[in-house]
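Residue-level listing of the chains:
Protein chains: 2
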Amino acid sequence: MAKQKKAPRPKAETPKGFRDYFGTEVTERTEMLQGIEAVYHRYGFDALESSGVETVQALGKFLPDVDRPNEGVFAWQEADDDGNGDWLALRYDLTAPLARVYAQHRNDLPTPYRRYAMGPVWRNEKPGPGRYRQFYQCDADTVGTGSVAADAEICAMLSDCLEEVGIPRGDYLVRVNNRKVLNGVLEAMGVADEGQQADVLRTIDKFDKVGEAGVRELLGKGRLDASGAYIDGVGLAAEQAEPVIAFLTSKGATAADTLANLRAAIGDSAVGAEGVDELEQIAALLEAGDYGSDRIEIDPSVVRGLGYYTGPVFEAELTFEILDEKGRKRQFGSVAGGGRYDDLVARFTGQKVPAVGVSIGVDRLLAALREKGRMSGESEGPVVVTVMDRDRMADYQAMVAELRQAGIRAEVYLGNPKNFGNQLKYADKRNSPAAVIEGADEKDRGVVQVKDLILGKKIAENATLEEWKERPSQAEIPRDQLVQHIQKLLKGDS
Amino acid sequence: MAKQKKAPRPKAETPKGFRDYFGTEVTERTEMLQGIEAVYHRYGFDALESSGVETVQALGKFLPDVDRPNEGVFAWQEADDDGNGDWLALRYDLTAPLARVYAQHRNDLPTPYRRYAMGPVWRNEKPGPGRYRQFYQCDADTVGTGSVAADAEICAMLSDCLEEVGIPRGDYLVRVNNRKVLNGVLEAMGVADEGQQADVLRTIDKFDKVGEAGVRELLGKGRLDASGAYIDGVGLAAEQAEPVIAFLTSKGATAADTLANLRAAIGDSAVGAEGVDELEQIAALLEAGDYGSDRIEIDPSVVRGLGYYTGPVFEAELTFEILDEKGRKRQFGSVAGGGRYDDLVARFTGQKVPAVGVSIGVDRLLAALREKGRMSGESEGPVVVTVMDRDRMADYQAMVAELRQAGIRAEVYLGNPKNFGNQLKYADKRNSPAAVIEGADEKDRGVVQVKDLILGKKIAENATLEEWKERPSQAEIPRDQLVQHIQKLLKGDS
Chain A
1 MAKQKKAPRP
11 KAETPKGFRD
21 YFGTEVTERT
31 EMLQGIEAVY
41 HRYGFDALES
51 SGVETVQALG
61 KFLPDVDRPN
71 EGVFAWQEAD
81 DDGNGDWLAL
91 RYDLTAPLAR
101 VYAQHRNDLP
111 TPYRRYAMGP
121 VWRNEKPGPG
131 RYRQFYQCDA
141 DTVGTGSVAA
151 DAEICAMLSD
161 CLEEVGIPRG
171 DYLVRVNNRK
181 VLNGVLEAMG
191 VADEGQQADV
201 LRTIDKFDKV
211 GEAGVRELLG
221 KGRLDASGAY
231 IDGVGLAAEQ
241 AEPVIAFLTS
251 KGATAADTLA
261 NLRAAIGDSA
271 VGAEGVDELE
281 QIAALLEAGD
291 YGSDRIEIDP
301 SVVRGLGYYT
311 GPVFEAELTF
321 EILDEKGRKR
331 QFGSVAGGGR
341 YDDLVARFTG
351 QKVPAVGVSI
361 GVDRLLAALR
371 EKGRMSGESE
381 GPVVVTVMDR
391 DRMADYQAMV
401 AELRQAGIRA
411 EVYLGNPKNF
421 GNQLKYADKR
431 NSPAAVIEGA
441 DEKDRGVVQV
451 KDLILGKKIA
461 ENATLEEWKE
471 RPSQAEIPRD
481 QLVQHIQKLL
491 KGDS
Chain L
1 MAKQKKAPRP
11 KAETPKGFRD
21 YFGTEVTERT
31 EMLQGIEAVY
41 HRYGFDALES
51 SGVETVQALG
61 KFLPDVDRPN
71 EGVFAWQEAD
81 DDGNGDWLAL
91 RYDLTAPLAR
101 VYAQHRNDLP
111 TPYRRYAMGP
121 VWRNEKPGPG
131 RYRQFYQCDA
141 DTVGTGSVAA
151 DAEICAMLSD
161 CLEEVGIPRG
171 DYLVRVNNRK
181 VLNGVLEAMG
191 VADEGQQADV
201 LRTIDKFDKV
211 GEAGVRELLG
221 KGRLDASGAY
231 IDGVGLAAEQ
241 AEPVIAFLTS
251 KGATAADTLA
261 NLRAAIGDSA
271 VGAEGVDELE
281 QIAALLEAGD
291 YGSDRIEIDP
301 SVVRGLGYYT
311 GPVFEAELTF
321 EILDEKGRKR
331 QFGSVAGGGR
341 YDDLVARFTG
351 QKVPAVGVSI
361 GVDRLLAALR
371 EKGRMSGESE
381 GPVVVTVMDR
391 DRMADYQAMV
401 AELRQAGIRA
411 EVYLGNPKNF
421 GNQLKYADKR
431 NSPAAVIEGA
441 DEKDRGVVQV
451 KDLILGKKIA
461 ENATLEEWKE
471 RPSQAEIPRD
481 QLVQHIQKLL
491 KGDS
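Each protein sequence line maps, in turn, to chains A and L. The first sequence: position 449 = 449 (the UniProt record's numbering), numbered continuously. The second sequence: position 266 = 266 (the UniProt record's numbering), numbered continuously.
FYI, nobody ran anything at the bench for these hints, they're computed from the structure. These figures come from a predicted structure and were not determined experimentally. A few of these clues could be false.
You can't tell identical chains apart in this list, so a pair holds if it fits in one copy or across any two.
Using 27 Å as the maximum straight-line C-alpha spacing, the simulated DSSO-like pairs for lysine-lysine come out as follows [what the hints assert, rightly or not]:
id, residue 1, residue 2
1, Lys372, Lys326
2, Lys457, Lys329
3, Lys443, Lys126
4, Lys458, Lys491
5, Lys326, Lys126
6, Lys352, Lys425
7, Lys251, Lys352
8, Lys206, Lys11
9, Lys372, Lys352
Isolated chain A (complex conformation) (with noise of 0.2 Å):
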């Protein structure tokens, strides 16, 4: 008989685009997460989770065809003795289910609602260094008000996280600018052709690279860019171009100032009016509310998300710099976007449901953390109590017990205690800020060792002699003291 041949062992991997967090990287964002909850919290919004997965029906934008349905989203077919079971999707996003819940439930929920929303998404695309398909989203929106105080709310709420999480004032803006003033200009040009729009639009987001000269050419017959290729313009006339300039030149030194340019910007387009007027009424709650230019400011300069948004839009950015990794300076740039978005319930009920919301992007403002020292990476690893006598097991069980009663993180070594080198090597790996030794000699005489491994950890960096003489690295102590010593060691003044 042929001898069955093994299956092979699976590969220990996680799936391409996928990676695991240790430790502090998912401590760090849990306390952000906490943060930023207890602002929305206090802002009146309530929590609202929603399942990882949905029909791909309910999601909507990314509706599988029969030769590629994972296209964008992780689907898969429900499996059923027809084989005509429900789609189903992990959710790209939390908007896409927010309009899903508030279809469903509108009738139980307050309105207007407002909900907050944290965890993770997917995305099913081609992953990229730094770019995985699961990560957290952080997000709040109100449901089911147009009134522009919702949109002034978000910005104070979106300034106040983060200062919360440890962005001091100063180091971000928030943002403010308004789809409707970019409409009345469209107006004002005489642009009414949808893709001549897009077009505009497209030309508006290059403003930053290739500056007013360089948009007035794309505007018109087309540009030379850097690379040699030639850039094909929208072909509007000279004078066509004036509006966008003006809007795209429009910040002035105080907010009054922007707002009178934009007026001149837009001409005479009502719904650019509207948009300017919104933008005063924003300004003026916002001062009300003591949220200064120094923190939110009107900035007709904010593209991102114009397109996709059909009111207000603003967008946070840290304003330090940081180096790259190639040494060079760069502005850290964005970390969190929203706007006004009025048709996202329509698609289940046919009503439009006017809404306003804000998605905070967490693991940037974590990395912005890091990059700024601001947040350490290290872990406080546990005090470890070492294991001299395999017997004794029960002593050093009792010594950590007493330890984590008075809320110290503690444990006893439970690898294989023959080599105590291992036990110390364990101890460092761990971070630990010191180890407990209770060999036969000390239990006879009713002490314990306690080795202070951050300040072993200093004298190996840099601790002067005198430092070292004044605060020896390892003290005998009763074993009754056991707790106090350690707390002291922990406070940094044993």
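Chain A is already provided as a structure; the job is to place chain L on it using the hints.
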């Protein structure tokens, strides 16, 4: 030309077996997870968050076959150009991913590796009442040590977790048993056939229901059950049942008694003796940590999981009674369980790695606390500043900004302010403690009206006339005393 048919509106529904969680359903669970996390952390466990998606190969247990790839897990094939993409699946628990993570990262992880993980898992099962296809798990495991000190530690930690989240001592019990003792009993019975061993395990599981005589019948010829059906027996001789009965009835008044009874039950089985020794050591270690039998006890009647685990097993049970849906008293039952499993990582690496872990059933614990009235399920709503004059929105925003600055949950009413009754209905729906009113007249006089909605509710329910007179439910106060007044009101002493 035929008019284009409109696509039908999508249904606003969760997929079958999934649900949404609102407000306190989310925040109470978050608080519970935070409490458990704090205990896990204090015991030296580090956080791990793996992604929701794993390769089917790594999950192992539920390999999809060609016809029904979705059995047990939600699985799908990655799209690639030649149709040979990996099969991916949502994780069905947190232990299988731990095995993958440990095998993948073992060279970078400390030994032993203590980790905790909490998050949703997904099961592709038929949903039922109260049974969902996405739910939370909250696990802690120690990988890489066979020391029973690790098992004892996890029992102590489980006890601490339950008290941390609000189950007082006396209302729960952690019960410990050992698979090796059962193996010893099987040896003492002379049952070596694996099929018969499984039959004996199944019979032991029925002890609660059928009692000692029933177990004897089921191990022998069989038994007529209550419905009149005849259940075939295992077919053992009468004297072979003795060790099982001795095992099942071995619980004594003290741990020492129980251990002595167990030693008698296993006869001269070596593996059985090893199992009893382990239980003895666990009992000694727990006693050293001051975890007495009011919290943790050796209990041979714990049989759940004995088939799965390889050494000590444990289960936490809530001991208080609740009323079931028919008004009958019943024990609340198990809320957590775990044990030692030594073969998990070997699938990947070929090396056996000993491990022990616990999983806390967060949703059942929440249900228990709500049942006992220890969690309100009611949210603390925001103070609602009503809108009497649409043009003075900035004034109202300034009020909520002040309240939030003082840490008070507050919001301006953002719906249509025309109907004042709707504003108060909204405040009621949000469970608001107070509504603030400032009309033109109040504004002129520099005052605001504050409606005490907590008292309002009380009066509506059961307050006496005296209470009502003493503490009128609406007060006119100077505008600049708004924050202090609300603070007092929230403390219940306005």
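request  = Please work out whether the CA atoms of Lys326 and Lys126 approach to 27 Å or closer within one copy, between two copies, in both situations, or in neither?
outcome  = within (25 Å within a copy, 54 Å between copies)
ask   = Given identical chains, is Lys443 near Lys126, meaning Cα to Cα at most 27 Å, within a copy, between copies, both, or neither?
value = neither (60 Å within a copy, 59 Å between copies)
message = At most 27 Å between CA atoms: does that hold for Lys457 and Lys329 within a copy, between copies, both, or neither?
response = For Lys457 and Lys329, neither the intra-copy (33 Å) nor the inter-copy (59 Å) Cα distance is at most 27 Å.
Identical-chain pair category, Lys206 with Lys11, by Cα at 27 Å = neither (45 Å within a copy, 40 Å between copies)
key: Within, between, both or neither, where Lys372 and Lys326 count as close if Cα-Cα is 27 Å or less   = within (17 Å within a copy, 60 Å between copies)
inquiry  = As a check of your reading, is Lys372 near Lys352 (CA-CA no more than 27 Å) within one copy, between copies, both or neither?
reply    = neither (44 Å within a copy, 43 Å between copies)
ask   = Between the shortest in-copy and the shortest cross-copy C-alpha distance, which are at most 27 Å for Lys352 and Lys425: within, between, both, or neither?
value = between (63 Å within a copy, 23 Å between copies)
request  = Classify it for me, Lys251 with Lys352: is the Cα-Cα distance of at most 27 Å met within a copy, between copies, both or neither?
outcome  = neither (33 Å within a copy, 67 Å between copies)
task = Classify it for me, Lys458 with Lys491: is the Cα-Cα distance of at most 27 Å met within a copy, between copies, both or neither?
result = within (15 Å within a copy, 48 Å between copies)
Checked against the numbered hints listed earlier, the structure breaks hints 2, 3, 7, 8, 9; every other hint is satisfied.
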